[in-house]
Amino acid sequence: MTGVLRNCGSGAFHMDKPLGLIHDSHIFDRLKRNMRFPNSLILALSGTLLLAGCAGNPFRSYDAEMKETVNQVRQGKLDQAVALLEKNNKTLFSTDGSQTKDGKPKEQSVLDSVNGKDILYYFEKGELLCLKKDYTQSRDSWLMADEIVRTWEDEYRANPTKVIGDIGSFLVSDRVRRYDGQDYEKVFLSAKLTLDHILTGDFDLARIEMKKTYEREKLIESFREKEYDKVKEEQEKQGVTTNTDDLAAKGYPLAELDTPEVRHLKNGFQNAFAHYLAGYFFEVTGEYSLAEPGYRNALALQPNSQLIKEKVDKVGRNRAGPNETDVLFVVETGFAPAWKSVTVPLPIPVSGRWVATPLSFPVIKSEGKSFMPASLKAGGKDLRVETLVNVDTMARRLLKDQLPGIIGRTVVRAVAKSAVQYQAQKQGGAVAGLIAAVATVATEQADERAWRTLPERLAVARAILPRGTVPLEFETGAGVYKTEVTIGNRVTIIPIRLTGGAVYVGQPHVEAWASMFTDEPVKPAKRKSKSKSRQAQ
Amino acid sequence: MTKITSTRLLLPALLALSLGACQTTSPAIGDGSVAYGDSKAVETVTTDLGSTDIQMIAEKMTQSLLQTPEIQTAIKKRHLLMASPVKNKTSEYFDTRMITDTILTQLQKNGVKYVIEGEDMQNQVDELSRQNQSGLYKKSKSVKMGNMQGAKYRLDGSISSIIKKNSSMKDVYYKMNLRLIEIESGIVEWSDEKEIRKSAKR
Amino acid sequence: MKQRALTFLLSATLLGGAASLQAAEGGSIASKVEELGKMTYLKVSDMRAVKRDGLLRIQVTISNSSSDNQQLFYRFRWLDDDGFTVWEEEPWKPEVVYGLQKKMINAVSPSFKATDFRLELQAAKNDGAPLSGGSDHPAKNLNQ
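Residue numbers (the numbering used here), protein chains in the order written: chain X, 1 to 537; chain B, 1 to 202; chain H, 1 to 144.
Honestly, I wouldn't trust all of these hints.
One-sided and incomplete, this derived list gives chain X residues near chain B with beta-carbon spacing under 10 Å [as the list claims (entries may be wrong)]:
no.: 1; residue: Met-210
no.: 2; residue: Tyr-214
no.: 3; residue: Lys-218
no.: 4; residue: Ser-222
no.: 5; residue: Glu-225
no.: 6; residue: Lys-226
no.: 7; residue: His-275
no.: 8; residue: Phe-282
no.: 9; residue: Leu-290
no.: 10; residue: Glu-292
no.: 11; residue: Pro-293
no.: 12; residue: Arg-296
no.: 13; residue: Ala-300
no.: 14; residue: Asp-313
no.: 15; residue: Val-315
Sample of chain B residues lacking proximity to chain X, with all beta carbon distances greater than 10 Å (derived) [to be verified]:
no.: 16; residue: Pro-69
no.: 17; residue: Asn-110
no.: 18; residue: Trp-190
I should point out that these hints are in silico values taken from the structure, not numbers from a laboratory. Only a predicted model underlies this, so the values are computations on that prediction, with no experimental measurement involved. Glycine residues also receive a C-beta, built at the ideal position from the N, C-alpha and C atoms.
Start from the sequences, fold in the hints, and give me the full structure.
In structure tokens:
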């Protein structure tokens, strides 16, 4: 028994980790008040709690926080949404100091947060600002998030076995592990950054970012492959078998993760839009040898897309003439699904007996199917809208692929926890046993963190349109939305977001530099687009 | 012989110099975590197209092209060459101009003249029109319009890949195909291939 | 084989026909080959050079005396009559020589100015240190 305990300690005691906020420290206090409690146990539990402090408060319900923000976005109240986000992420003390609270030097290799804010804050803020058409600020926010992802990448590149090892040996709940973004979020971040660069007119940075998207995908791929091997090895070592069917038999909604659409996806992170975007960008800038792999990769991810098929092997055939622009409309609808936890009792061996133990596992909670218009009308042309990315399906696929690993980790952790509980009951009597049980439940919540303002689905439409101000209209699910957009650059992307309420139509900057891009010099836009976010009837 | 004696003389001198200089100064700044490497070294970091692949493809193509009578005639008669964009049929974001640019540069060192195209062409047109139409330049000293020359031959080709993967290894096969086409007749005067196989353990 | 006793004056002899250099002669092949470190199993067993259409053509046979595969790196250096290099440094080229195989390596000078050459050879298992920058052979094995 003690052997297990010690093992638990080495896994959970990351005292050198940076300390963050501990809101729900009452459990800790209660434990301390109970002086009969074995010291080793307090230490073990407090270690868990302290670790929990890193990267924001793990006990906060991210989903509940974001629900309100999402609602405000739906109502077109972007300023309030930003204010709320800021309020929810107020730092009481910075976690970025070089020392932890106990004065120990902080581990510098990993970046939990930038300026005391975690990656999710920057994800959501970037999205909100992008909807506000504040592309520069949005880009800056996403660059902060990107910094966190990049440190993760660097750490992985420098020492893959360590990063993967962390996953296998963590004995605390998934939700208190450092959150460096779901795989699809990391890739999406890069794609969104590319969009911001294009919208602000930084084409060179967009070009760099696009190559980075591809590299990031490759890195995640290699990471997941290695992780899979590691989890398998770890489970063999612990003698734990993980079968997702066992979980389903105990009431886990596995069927939701095993739909045809989910199986149809190649994996849970590769983003067809990111590749299509690269195809579009490099085709318009005349770099066909870079556009070709873009379309080809996009087609591999979305084999049925007519829009992509039209382009593969035909790059550069259909070019914009003088005073025309090849315009890409990016239509995003709805919101990314929430990650929630469900509790499933699984039998765990405790001193030779099998005890049904409540364990929590993540599930994907859809935000509801959003309305996606079948076509757009721009400049008098009817344009087919084709969905390239379904974040909901991607999330399900990601979870499906990771579920065996999650089960393995949860069960291994539960075995160790049962030992804690058993020990407490034996040494401390019934009260300590009860308290330990409370702590177990409190720490056992599946990871609910996710980038929630991401769209549910992302679609594109494309057309060669004359430069100047062009009327744009589309169905919103609650009436027709009409607006105007100004087209002036050789590379022009018009972002559209339908939220099931407010409609947001973006407008890229059309500046004097438009003439940099050859053809005829373009008159600078006389006025900013009239399109404002407003409620669709 | 003279060579040898001179090195013999030089060596002790150099040694003396380096000994004297050692420990005090070095032309390098930094803590040694960044170093310059050999740009010609064989790069086997990943199975992706890399520097060695580009160099080997370009070298093979140049060597092969130089042997063709058409190129040798082109050198003598100043026939012009151009490179069309090489099709990238792989799934890698790889700019094929890196290969064609190197081939053109190496051919040029042997006396082959080539004309620019694509993006570079736009700069050329811009400059021509600026000198002629902006009214800012002295007529007698500015270049004339209508004197650009068209190429007689063009290079065209494609690069494709086959990737095979299993649980223990990844194998990538690249094939670059290049052709020399006489523009007027459309006849392929020369073509060659370079194959590369790379494999990696997972 | 005819030009057995020929001293390797390429500029003069090449016009006459193929110059074959045999290992037995020692001196002539050795004068063209630069081994970066001693190669235990790989050996240049034959070398031919001819000038055709103004370009120097080389054919080298590498023999592997081991029954294991050997990784070889090679490149040519192109020189003029006076021993000056006429072309930039070539990239190192990797080549696998199977166990007991005789591998042919063909090369054509990249420039019309080349009249002489050197062949640089390096086998991965050598103990020589041909390149600066930490790596002991031309392969930059950083990962994997």
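Chain B contact restraint for Pro-293/X - C-beta distance below 10 Å: holds (5 Å)
Status of the Ser-222/X interface restraint (C-beta, 10 Å, chain B): OK, holds: Ser-222/X within 10 Å of chain B, min 8 Å.
Asp-313/X as chain B interface residue, shortest Cβ-Cβ below 10 Å: holds (9 Å)
Distal placement of Trp-190/B relative to chain X, Cβ over 10 Å: holds (21 Å)
Restraint check, 10 Å cut-off on beta carbons, for Phe-282/X near chain B: holds (8 Å)
Hinted contact Val-315/X with chain B - closest CB pair below 10 Å: Since the shortest Cβ distance to chain B is 9 Å, the answer is holds.
Satisfaction of the Glu-225/X interface hint, Cβ to chain B closer than 10 Å: It holds, given that the least Cβ distance between Glu-225/X and chain B is near 7 Å, below 10 Å.
Restraint outcome when Lys-226/X is required to lie within 10 Å of chain B by C-beta distance: holds (8 Å)
Interface hint outcome for Met-210/X [beta carbon to chain B under 10 Å]: holds (7 Å)
Per-residue hint verdict: Glu-292/X, partner chain B, C-beta under 10 Å: holds (5 Å)
When the least beta-carbon distance from Arg-296/X to chain B is tested against 10 Å, hint result: holds (5 Å)
Chain B contact restraint on His-275/X - CB to CB distance below 10 Å: Holds. Min distance 9 Å.
Going down the numbered hints, you'll see the structure goes against none, and every one checks out.
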